[in-house]
Amino acid sequence: MTDHPIWLFWEGPRPAYIDLCLQTILRRCPGARLLDRAGFDALWVHDRDLPLDSLALNHQSDFIRAYLLAHHGGLYVDADCVALRDLSPLAEMARQHGFVGYREPQGYMSCNLMGARAGGAVIADHYRRVVARLRRRTPLQWLDLASTPMNAAIAARGREALILPTPAIMPLPWNESEALAVRRDDSRHAALMVEDAWCYMLSNNTIRGDERTRLLSHMPAEHLLAERYFLSYLLRRGLDLPPLADAFVPEPTPEHLGGHEHKTQFDEGALDYLIARFGANSFLDVGCGPPGMVYYARSRGLHAMGVDGDPLYARDSPVIIEHDYARGPLDAGRYDLGWAVEFVEHVDEDYVPHFMATFGGCEHVFITAAVPGQPGHHHVNCQWGDYWIARFAEAGFVHDPDATAGVRAHSSMRSRFSEQTGLVFSRAG
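So the mapping is simple: the working numbering equals the position in the sequence shown, first residue as 1, plus 220.
Simulated from the structure, these hints should not be mistaken for lab results.
Here the structure is a predicted model, which means the values were calculated and not measured.
Note that the Cβ used here is the ideal one computed from N, Cα and C, for glycine as well.
Nothing false has been slipped in among the hints.
If you anchor each label on the Cβ, the simulated ranges turn out as follows: (1) Gln326 x Glu583: 48 to 56 Å; (2) Glu583 x Leu412: 42 to 50 Å; (3) Ala465 x Leu412: 17 to 25 Å; (4) Leu275 x Ala399: 27 to 35 Å; (5) His597 x Asp416: 37 to 45 Å.
Straight-line C-alpha distance at most 20 Å; calculated SDA-like pairs for lysine to any residue: (6) Lys483 x Thr426; (7) Lys483 x Met633; (8) Lys483 x Arg535; (9) Lys483 x Asp536; (10) Lys483 x Pro470; (11) Lys483 x Glu398; (12) Lys483 x Asn395; (13) Lys483 x His597.
Assemble the whole structure, with the sequences as input and the hints as a guide.
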């Protein structure tokens, strides 16, 4: 083991973007040591009576990082980090000062990147507080093993710590993570970079939980590295890959195409149910906006595409067919399952036959639809379910009440549109 080890930890399946983050760290710090739970157990000697197995994974990670630095020293870096420079000098700073860390944008001490001299005053104080909190064996709040004890340790021992500027580690605040999913030309991304940052510390919890960014957690590595998202740009920078050569300057989103509000209405539960019920192998999201459900379907092994007219998301996208239904119908090909969540109400009634032509290539279709009086951006055709049952009947589909009940019961959508208005149709005959 080196005098100044760099520690990483991840347990369980890794999204592709986490794999790429780890690649940026290992590229800059080839000696960094990536542990899983079994790897940590081999190093865990002291306080083995603590109930680590009963903890949520985030609290396990909090204990593991505290233990590693208290007993072995070095630098700990969470896996959701895009490294832009060699991080080993931070470990040397920790050896010299006793502790090195930074504050979250909200002002409290972060534990997702910190370094310490083994046995140093700050990390020893922090570790003692973590152990004492675990020995109370009472329910834990999110920060009880992380920022809360670290804030106390810094308050007590802060003269032996070097606190780095927040933008040096987390230039993009975690609560502004939606910026990671903005598509721009590389030159415009470059203008927004904090060039002297050591890294861009991200928040996996926020990325996975926010409907504006969750699509990034479902994207495969090859698409992440080839796309226009800010996260894609950061990963290319961290891996020393060249910028994308072609310019990307789409026109502004037209008023009638902005109903997506830059987020995906995720419903993994509904899609999982429909895949199982119909044995679907292909998926088409009509009016997808950001292609979050397209990438989720692909992560499930389906051939999946989206259709959308907004050039901000559709232009140059490998998974979206760019089409505005105000301009005419579209034959997008043949699919087992069509999907349109909170889309149909945004299309003028005169153009309903245009997207029905697309659904004509699908064996089954799932929709949700805003009802009369429901507020929203460019709501021009809000209707009750009977209206859509009649329109799909005209297009050769029959309403499937059993599948409709099933999909509503299995929906995991946060906003409950599927549960309230979801309808399933199957091709007649």
